[in-house]
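With the sequences and hints as input, model every part of the structure.
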Amino acid sequence: MPGVNQTSIDEMLRDAEAAAKAKVGGIILFGVPETKDATGSSAWDEKGAVQLAVAALKKEISGAGRDYDVCMCEYTDHGHCGV
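In the working numbering, the protein residues as written are 987 to 1069.
It is worth saying that the hints were derived from the structure and are not from the lab. Predicted model, so just to flag it, every value in this text is computed and none were measured.
With a straight-line cut-off of 35 Å between C-alpha atoms, the simulated DSBU-like cross-links for lysine-lysine are:
1) K1009 with K1045
2) K1009 with K1033
3) K1033 with K1044
4) K1022 with K1044
5) K1033 with K1007
6) K1033 with K1022
Distance ranges between label pairs, derived from CB positions:
7) G1065 with K1009: 30 to 36 Å
8) G1068 with L1015: 16 to 22 Å
9) C1067 with A1004: 28 to 34 Å
10) D996 with R1052: 18 to 24 Å
11) A1024 with E997: 28 to 34 Å
12) K1044 with N991: 19 to 25 Å
13) E1032 with E997: 20 to 26 Å
14) A1005 with S1027: 26 to 32 Å
15) W1030 with K1007: 28 to 34 Å
Note that the Cβ used here is the ideal one computed from N, Cα and C, for glycine as well.
Right, dumping it as structure tokens:
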């Protein structure tokens, strides 16, 4: 998609802070896991990209990280959102 980029957590924090200052209502994070399987088990990997990003948001940006929705399509080998 145009305008969508992969970034590091520190870059994501800068973007999230700018979004918060601009009164953007929310951001969405998609991670690309190292491995995929039928049950999407990487979705609950404590060291996963999205999990680490959410922890950084909670720590660094006041009021961030209140609502979460895990779209399983990124984590499953079959590409469906549900297990």
